[in-house]
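From these two lone chains plus the hints, build me the complex, please.
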Amino acid sequence: MALLEIKGLRASSGGREILKGIDFTLEEGRTAVIFGPNGSGKSTFLGSIVGLPKYDITKGNILFKGKDITGMSTYERTQLGIGLAFQYPPSIKGVRLRTLLDTMNPDKEAIDHTSEILDMSPYLDRDVNVGFSGGERKKSEILQLMVQMPDLLLLDEPESGVDIENISLIADALKIILEKDKPIKKRRRSAIIITHTGFILDYIRADKAYVMMDGRILGCGSPSEIFEEIRARGYKECQKCLEEAKKENHAA
Amino acid sequence: MQPKVDKDRLLDVGYDPGIASCGRFLVLDHSILEASHGIKGLEVLPLADAMDNYPHVRDNLVFRLIEKDKNEFTKTASNLPPVGYYIKVEPGVKIDMPFQAGFLLESAGATQVIHNIIELGENSEAHIINGCTTSQETHKGRHIGITETYLGRDAALGYTMIHNWARDVDVYPIGAILVGENARYISNYAAMTSVKKTVSYPVARVMAGGSARFYSIIYSRRDSYFDTGAKVMLEGDASSGEIISRVVSDGGAAISRQMISGSSPGSLGHMECSGLLLGNKGVIHSIPELKGGHQDIDLSHEASVGRISKEDLSYLMTRGLTDDEARSLIIRGFLDIKIKGIPYTIQQIIDEVVDRSVSGSM
Ligand SMILES: Nc1ncnc2c1ncn2[C@@H]1O[C@H](COP(=O)(O)OP(=O)(O)O)[C@@H](O)[C@H]1O
Ligand SMILES: [Mg+2]
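First to last, the protein sequences are chains A and B. Number 252 marks the last residue of the first sequence (the numbering used here); no jumps. Number 1362 marks the last residue of the second sequence (the numbering used here); no jumps.
Chain B on its own, in the form it takes in the complex (with noise of 0.2 Å):
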């Protein structure tokens, strides 16, 4: 029997056919429905079909950056045949083109698990895409996704990740990044549909000369409930680490955490959390923790929690907006991070995401 797939609620997570893209790679609940590539020097492959092939991965790639036993989520994950995608870019390939990969949801009350390995080799460059939701009639589910990435020196990865899950579904997205030598590894994140609740703290590893930048945009609507953030560790001298988030509660709960730490010389840290809050209902709660060991680095953070500000709000309806405009301007004002580094492509899928949602809530 051919599978139902709801390639509507795909689209909504910027899984586009319509979009030129290097390969694609699809999995609804357990299945794969798609692995594919069209670039030399790309490779893609359903994980187990790599581990199979290449001890490579099996033996030095799988659990590796993540325990197997980190938690109940890694331990259900490793007890179980793989699930996800092998991503693989040969050394100097670089591909500016996104790859796309969709996880949906379909059965209800079923938990989906995917292990997904990203390996670039030295100085090549990828953008990845994952949009992940459920079937328009699914509202109930889990989904736990371990993803291990290995950035070679000088190499370069954008990764944006697109949540569009239901009211009653769980999520635990595990990420763990070893960034190379002078790599830049730039993670975009955004998730503003409802949610029971998502849990989420990658932790990136960043060699000398190297950077990580985690941008999250988290929109937490009622009973929904984030725990969400970043972690970047500076182990190498002059290794860099941004960590920016902006969350909106629109009578959600949304836990953002965010931890810089670095003991080597010439590191440098940011982070900033803004949060703004929309009802009496919601809650942000923003931790900024920063950790430094030596004297020749710079760590910093800002942040804030507040509400729209009544000053803005009238100015802007003196020049003819109606409440519901103005609010709408600015809430989508605050959600835009200027991302450097990305594809236009990927720009304007995460701007869609966040116009719709946005003007949808009005």
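Chain A with its partners taken away, still in its complex shape (with noise of 0.2 Å):
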């Protein structure tokens, strides 16, 4: 059985539609990453799989851990153990990150152990993301992630905007998250990861990687093949791929 399987999501935001039929699949253990230029529906995704309010799941399924978790709330989808690292995290004025990671998880120990990890212990005593740096945020994002412990963690962007010594940083923490030093069949969390520079893939290695345009999920191969193919030529080539799977549509 599959961890997630998704079966013809379609999702819409402000009276739009941005997610236009998406099957997915991801087993126990594995890393998946998802490709895609602005605007594709990327985060919108995400945020459908975490539940967050203001994405309304139009049509299909999302079963987690085989339970169709798609009229879930969100609390409820994180209690079965799904996590969100923001692509763009609000700050919350008057919350101390350390109230927030004990409000998480009462184990204090656990908080000191991971924010020293993060290099993030100074920022215990601030405001969640108040007057955070773009790298900041997104530290304090996996550090949450890692004091919560999902076992399907979806990282929305997690190292544009962070420079190189906090993005090693970062894949370290998400190392430990995965398990990544175990063999695969040992390793018990899964991830999405969405990039737009794939720099993170210099530092965690993925199993699979997608292409998500116009909100579709076209075709999906090794990661290193589908990264130099975009790097080469841009995502041209994904824009025929789409042309003809919305031909596709169109006859079927």
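The set of hints was computed from the structure by calculation and includes no laboratory data. Do not take every clue at face value.
Here are the simulated BS3-like cross-link-like pairs (lysine-lysine), alpha carbons at most 25 Å apart as the crow flies [claimed, not checked]:
1. A:LYS93 - B:LYS1140
2. B:LYS1004 - A:LYS93
3. A:LYS208 - A:LYS185
4. B:LYS1140 - B:LYS1197
5. A:LYS65 - A:LYS7
6. B:LYS1231 - B:LYS1338
7. B:LYS1094 - B:LYS1004
8. A:LYS54 - A:LYS65
9. A:LYS65 - A:LYS240
10. B:LYS1310 - B:LYS1281
11. A:LYS67 - A:LYS208
12. B:LYS1310 - A:LYS59
13. A:LYS93 - B:LYS1338
14. B:LYS1310 - A:LYS54
15. A:LYS7 - A:LYS20
As structure tokens, this is what we get:
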């Protein structure tokens, strides 16, 4: 049984259809990466999986651990083991990062230890994301996920705006969560990583890659092949695939 | 007969015998049950005794900052023998241990009339915490509280007031503060429980180099009505004022009036009123006013009235928090004002009062 199985997912936001029929599966212990140009629907895809209220799922199903979670609240989904690192996390005035982490997980030692790994200890007494730089926000997201320890990590551009040293800190943390030191069969946690630049792939191995365009997922393949292709020719080739996919849809 | 004192309710407003204090003052209805002080240079007396013993108090301090016929409440007070404290700190004496005062309304339907005088000598320092509450069984009554405060040159006062009244009580604190040259006045006010009506608008006059800062936290529940605020008059050169309030309406009404006026060079004034509406029923009305009468003066204000952001809420919920947990974290955060210059024990008392009522209302 796949950990995550998505069938014919359509979702809209603000009255506009963004995801236009997505099929997607992810096995336990695997990491998938999704490439795609700006505005193609990547964040909407992750947000729909965790159930952010701003996205309306209009069609299709999401199965997680064999359960249909399509109609569940965000809270229920988190209790089943889904976690999201936001591309643009909000800042929350008056709420100290430490207070939020304590509320999530009463294990103070784990919190201190995790903060050290990410070099975030000095930020624990600051308000969540208030005045954080782009890179600090991303580290704060990963820190929160590490304290949450979900079975499925949804990582929305975890490396964008982060300098090289900090990308490697983030990658180290992710490797710990994803148990990358264990053989594939023994890994339990899975991830979907969205990346624009592909930098994160220099640090973390993904098992499969997908390209998203205009609310659809086009083909899949090995992460390095697909990334090379995009690097060499941009998303032009994908554009052609998209036209073909649309034609097929019409024909069907 | 030994009067019954609701110690638990007093504890809830910070009147806590377990906390080290430099003195205590307790009023039950109209009776003064305690007036004590344990530090040289600090004197605490029932105001009536102080007026009998010290002509200076009677002639120069009582009804000097506030006029007797300012309104019906001051008139009422001026026609009664005064019940309240006279606190005097000698020049140069600095006390960082808090002074605790408790005002308990016990008899249902009674009107409690209080008159307090605070006098800080030059270069002295004190921190006073006033807890005002009803007994557990008492829901109805009225409290009128007049406080006249005099700070000498370079003096510093932290004045904290915690209200924990009941649903059918109306409350009229009337305050006036004279802030001497280079003196510093900080007021903290927290009112987190139901009340029928609270009207309060203390006025501070600030002399050269002095400062007056007012911080308030108001939580207006269903059927509660708050009309509160502060006024700072920057009268001396390079004086400064700050008024910061956080107002939550959980079905109740809250009017927040803030005024800073100044006409002396080098003066600074800033105010902030943030309102958070939790339901559809309540209303928050923010009235900021600035009046500047000199080119070398800097006055500013920020005001906002809004709801809990859906985005913030769903962000916290992706971390595994329930809707209630996420809301109370946001509300608690909203009410968190970082006050500088008050002792840790007082900050702790304020934090506990806020924590208790935010988590209790979820
Ligand atoms: N609430 C909304 N209302 C209208 N359009 C939206 C809303 N949210 C996202 N969109 C649009 O949907 C498209 C996909 O957005 P997004 O999923 O954030 O893309 P990506 O993450 O791939 O850059 C974009 O064109 C975006 O402007
Ligand atoms: Mg995005």
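Here's how the hints hold up against the structure:
Distance hint between LYS93 of chain A and LYS1140 of chain B is unfulfilled; the C-alpha atoms sit about 37 Å from each other, more than 25 Å. Of the pairs offered as hints, the one joining LYS1004 of chain B and LYS93 of chain A is violated, with about 43 Å between alpha carbons and a cut-off of 25 Å exceeded. For the suggested pair LYS208 of chain A and LYS185 of chain A, the alpha carbons sit about 16 Å apart, so the restraint of at most 25 Å is met. The straight-line distance between the Cα atoms of LYS1140 of chain B and LYS1197 of chain B is roughly 11 Å, inside the 25 Å bound, and the hint therefore holds.
Taking the CA atoms of LYS65 of chain A and LYS7 of chain A, the gap is about 14 Å. The hint holds against a cut of 25 Å. In summary, the hint linking LYS1231 of chain B to LYS1338 of chain B is supported, as the alpha carbons are separated by about 21 Å, within the 25 Å threshold. With a C-alpha separation of about 35 Å, the suggested pair LYS1094 of chain B and LYS1004 of chain B falls outside the 25 Å cut-off, and the hint is violated. Distance check on the hinted pair: LYS54 of chain A and LYS65 of chain A sit about 24 Å apart at the alpha-carbon level, within 25 Å; holds.
Pair hint LYS65 of chain A plus LYS240 of chain A does not hold up; C-alpha atoms about 35 Å apart against a cutoff of 25 Å. For a cut-off of 25 Å, the pair hint linking LYS1310 of chain B to LYS1281 of chain B stands: about 19 Å separates their Cα positions. Our distance criterion of 25 Å between C-alpha atoms is met by LYS67 of chain A and LYS208 of chain A, whose separation comes to about 23 Å. In summary, the hint linking LYS1310 of chain B to LYS59 of chain A is supported, as the alpha carbons are separated by about 24 Å, within the 25 Å threshold.
Of the pairs offered as hints, the one joining LYS93 of chain A and LYS1338 of chain B holds, with about 12 Å between alpha carbons and a cut-off of 25 Å not exceeded. Note on LYS1310 of chain B and LYS54 of chain A: the hinted pairing holds, with a Cα-Cα distance of about 9 Å set against a maximum of 25 Å. For the given pair, LYS7 of chain A sits about 11 Å from LYS20 of chain A by alpha-carbon distance, which is consistent with the 25 Å threshold.
When the structure is compared with the earlier hints, violations turn up for hints 1, 2, 7 and 9 and for no others.
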